[in-house]
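Each protein sequence line maps, in turn, to chains A and B. For any residue, its number in the working numbering is found by taking its place in the first sequence, counting from 1, and adding 3. For any residue, its number in the working numbering is found by taking its place in the second sequence, counting from 1, and adding 20.
Certain hints may be false.
[Claimed, not checked] The following label-pair restraints were derived from C-beta to C-beta distances:
1. B:Thr40 <-> A:Lys400: 51 to 57 Å
2. A:Gly327 <-> B:Phe97: 32 to 38 Å
3. B:Lys115 <-> A:Ser240: 47 to 53 Å
4. A:Pro269 <-> B:Ile47: 24 to 30 Å
[Said to hold, decoys possible] With a straight-line Cα cutoff of 16 Å, these simulated EDC-like cross-link-like pairs (lysine to aspartate or glutamate) come out:
5. A:Lys431 <-> A:Asp505
6. A:Lys431 <-> A:Glu498
7. B:Lys23 <-> B:Glu117
8. A:Lys233 <-> B:Glu72
9. B:Lys73 <-> A:Asp223
10. A:Lys502 <-> B:Asp27
11. A:Lys38 <-> A:Glu374
12. B:Lys33 <-> B:Asp108
13. B:Lys23 <-> A:Glu504
14. B:Lys23 <-> A:Asp505
15. B:Lys116 <-> B:Asp27
16. B:Lys115 <-> A:Asp505
17. A:Lys233 <-> B:Glu68
18. A:Lys122 <-> A:Glu498
19. B:Lys67 <-> A:Asp230
20. B:Lys23 <-> B:Glu113
21. A:Lys276 <-> B:Asp108
22. A:Lys110 <-> A:Glu42
23. B:Lys67 <-> A:Asp82
24. B:Lys35 <-> A:Asp505
25. B:Lys35 <-> A:Glu504
26. B:Lys115 <-> B:Asp27
27. B:Lys73 <-> A:Asp230
28. A:Lys400 <-> A:Glu162
Honestly, the hints are just simulated from the structure, not real lab data. Just so we're clear, the structure is a prediction, and the values are computed from it rather than from any experiment. Built from N, CA and C at the ideal position, the CB exists for glycine as well.
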Amino acid sequence: METSIGQPNFISILFFGIFVFFTLMVTYWAAKKTKTAAEYYAAGRSVTGFQNGMALAGDYMSAASFLGIAGMVSLKGYDGMIYATGWLVGWPALMFLIAEPLRNLGKFTFADVVAFRLKQTPIRIAGAIGGILVLLAYTIAQMVGSGTLIKLMFGVPYEASCIMVGCVMLCYVLFGGMLATTWVQIIKACLLLFGVTLLLLLGLSKFGFNPGNVYGAVQDLPKVGADMLKPGGLVTSPLDAISLGLALMLGLLGLPHILMRFFTVPDAREARKSVAYATTFIGYFYCIIPVIGFMAAVLVGRDLITKVDKGGNMAALLFAELLGGTPFMGFMAAVAFATILAVVAGLTLAAASAMSHDIFVSVFRKGKASEAEQVKVARIAVIIFGIVAIGLGILFKGQNVAFMVGLAFAIAASGNFPALFMSIIWRKFTTGGAVASILIGSISATVFIILSPTVWVDIFHFKTAIFPLKNPAVISMTLSFVSGIVVSLIAPDKEAEQKFEDEKLRTYLGVGAE
Amino acid sequence: MAKSVHDIVNSPKFKSLVTTRWTVSFILTFLLFVIYYGYILLIAYNKEFLAEKVGVYTNYGIILGVLVIVLSWILTFIYVLWANFSYDKKVEELKKEL
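All chains should be modelled from the sequences, with the hints used to inform the complete structure.
So this is what it looks like as structure tokens:
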């Protein structure tokens, strides 16, 4: 099979142009409705549970998971499927432990929840540090991934694609705020789910609509066939697997751009609905991506997949080209590009809210700032983070940044989640405990990742790693919980304990929720 | 009859609401852990079992992988059903007392 991947492709540029035009129209519409801080950060709390579920799914189904997991399955077989299941299991945990209290207690950021009955300044600073660290790591992974993918798909130079993604994304976030960002996510989630469903059905039509036949064909592949359907080298050390699983599962509960979406719905009931819808879409997505990967391995062939990209990232697009020719490939490439844009937009808005709402308004202005000023500061923060994102994308060109996503989840699980959770359920939690748990969790997760095999051996090329686990969550999260508990018990805070009654009323009944 | 925040929060009804809420949440979270880590530990310790065929071509590994996703989804919906039919009603009752 001949492929036109890597050449500028009229169809995909056309589809992409339509997407950008349409989403900019949405942004124009959203900009007219965005004047107050609540409209800018939280879409005026007007998003329904279904819409928010779509947007959450959009935030989570990144180009890396669509192209990356399909590629991983096409080359490594069953291991890619194990990887896919890990990405879903955080969603039920988010529902059971965080979603509704978060909605009832928060305003614009997760630090609102932690700071509810504790001292504003230290919590805001620590919360912003934890949040921005996660977002930076996640953004670097997305920007580098997008630069590389766009280069592979269209042959556009790396730097140009970083700047292009950055500029279009800035338009959405700067002018349309959360309302525009939400609708861009919804549109992109629909396109992506439609695209992969079409890919699945067209593919299965070649196998008599029976997935069993797909596995049969995989098994008959020369040389590798028998091993493709078996677990390989991904899970060898159980402790490593448990630690990675913890980071994936509980890291979701500390990702600022995901948590921020819960403030866009009117109440806890809609927050609950949105997780239910998001889990459904994401579960569906991760069920079918491995099948697409297996079909690509059979029909496209592993030789061509690795010839185009060693990591296998183009497997899904090559498969689309095989089934529907250049037009279908162009459509799917445009969808992947749209995915990157939408995810980076969500990250930027979350980072801007940490800088402007947590730091500027709550720390410098002690919560006293006019609506107009809050929105203005938020927009300045968006521009700053947008430029930083483009700069980091270019700076990390050609670097192996796969560990950055693991780092983001590890910091989220160890820095943000424990403080958030303890502030909701534990009466005796104090300001000192929260600051200790956020800082110790974030710093230990970062240091351990640098000393772990993923960075120390794979990137710095030392012979042996100082820290044995590939993902440190099991250790760093424990440290974070322990430090939070110990510091809170050593220096109790009576005032915070007294305010816990008001907090409880709001946590469970939603009384006074904004 | 309006009650103060202190009275409501310390009423048996509110306390049982909070206890039930976290009992349900922790049981479901525990089941989620059992499902997911059961699967991961099975991969770590018994790769041969997962490679065994169920049908002509499908093996236990593929079935279980899909099952982890489906069961996680079912747990989520159990929570939604419980919250919609039981939790929300009690919340409404307590709110009226304020």
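Quick rundown of the hints versus the structure:
For the hinted restraint 51 to 57 Å between B:Thr40 and A:Lys400, the CB-CB distance of approximately 53 Å keeps it satisfied. Evaluation of the 32 to 38 Å hint for A:Gly327 and B:Phe97 yields a pass: the beta carbon distance comes to about 35 Å. For the pair B:Lys115 and A:Ser240, the supplied restraint of 47 to 53 Å holds, since their beta-carbon distance comes to about 50 Å. At roughly 29 Å, the beta-carbon separation of A:Pro269 and B:Ile47 lies within the given 24 to 30 Å, and the hint holds.
The suggested pairing of A:Lys431 with A:Asp505 holds, with an alpha-carbon distance near 14 Å, which does not exceed 16 Å. Only pairs whose Cα atoms come within 16 Å are accepted, and A:Lys431 paired with A:Glu498 is accepted, the gap being roughly 10 Å. The suggested pairing of B:Lys23 with B:Glu117 holds, with an alpha-carbon distance near 6 Å, which does not exceed 16 Å. With a CA separation close to 9 Å, the supplied pair A:Lys233 and B:Glu72 stays within the 16 Å bound.
Restraint check: the Cα-Cα separation between B:Lys73 and A:Asp223 comes to about 15 Å, which is no more than 16 Å; the hinted pair holds. Only pairs whose Cα atoms come within 16 Å are accepted, and A:Lys502 paired with B:Asp27 is accepted, the gap being roughly 14 Å. Under the criterion of a C-alpha separation no larger than 16 Å, the hint pairing A:Lys38 with A:Glu374 is consistent with the structure, at around 8 Å. With a C-alpha separation of about 13 Å, the suggested pair B:Lys33 and B:Asp108 falls inside the 16 Å cut-off, and the hint holds.
For the suggested pair B:Lys23 and A:Glu504, the alpha carbons sit about 14 Å apart, so the restraint of at most 16 Å is met. Between the alpha carbons of B:Lys23 and A:Asp505 the distance comes to roughly 13 Å, so the proposed pair stays at or under 16 Å and holds. Restraint check: the Cα-Cα separation between B:Lys116 and B:Asp27 comes to about 13 Å, which is no more than 16 Å; the hinted pair holds. Of the supplied pair hints, the one linking B:Lys115 and A:Asp505 holds, its CA atoms being roughly 14 Å apart against a limit of 16 Å.
For a cut-off of 16 Å, the pair hint linking A:Lys233 to B:Glu68 stands: about 8 Å separates their Cα positions. Of the supplied pair hints, the one linking A:Lys122 and A:Glu498 holds, its CA atoms being roughly 10 Å apart against a limit of 16 Å. For the proposed pair B:Lys67 and A:Asp230, the alpha carbon gap of about 11 Å is at most 16 Å, so the pair holds. Taking the CA atoms of B:Lys23 and B:Glu113, the gap is near 13 Å; set against the 16 Å cutoff, the hint holds.
Between A:Lys276 and B:Asp108, the direct Cα distance comes to roughly 13 Å. Compliance with the 16 Å bound is thereby established for this hinted pair. Between the alpha carbons of A:Lys110 and A:Glu42 the distance comes to roughly 12 Å, so the proposed pair stays at or under 16 Å and holds. Distance hint between B:Lys67 and A:Asp82 is fulfilled; the C-alpha atoms sit about 12 Å from each other, no more than 16 Å. A C-alpha spacing of about 14 Å is found between B:Lys35 and A:Asp505, which places the hinted pair at or below 16 Å, so the restraint holds.
The straight-line distance between the Cα atoms of B:Lys35 and A:Glu504 is roughly 12 Å, inside the 16 Å bound, and the hint therefore holds. For the given pair, B:Lys115 sits about 12 Å from B:Asp27 by alpha-carbon distance, which is consistent with the 16 Å threshold. For the hint linking B:Lys73 to A:Asp230, the alpha-carbon distance of about 13 Å falls within 16 Å, and the restraint holds. Pair hint A:Lys400 plus A:Glu162 holds up; C-alpha atoms about 8 Å apart against a cutoff of 16 Å.
Of the numbered hints stated above, none is contradicted by the structure.
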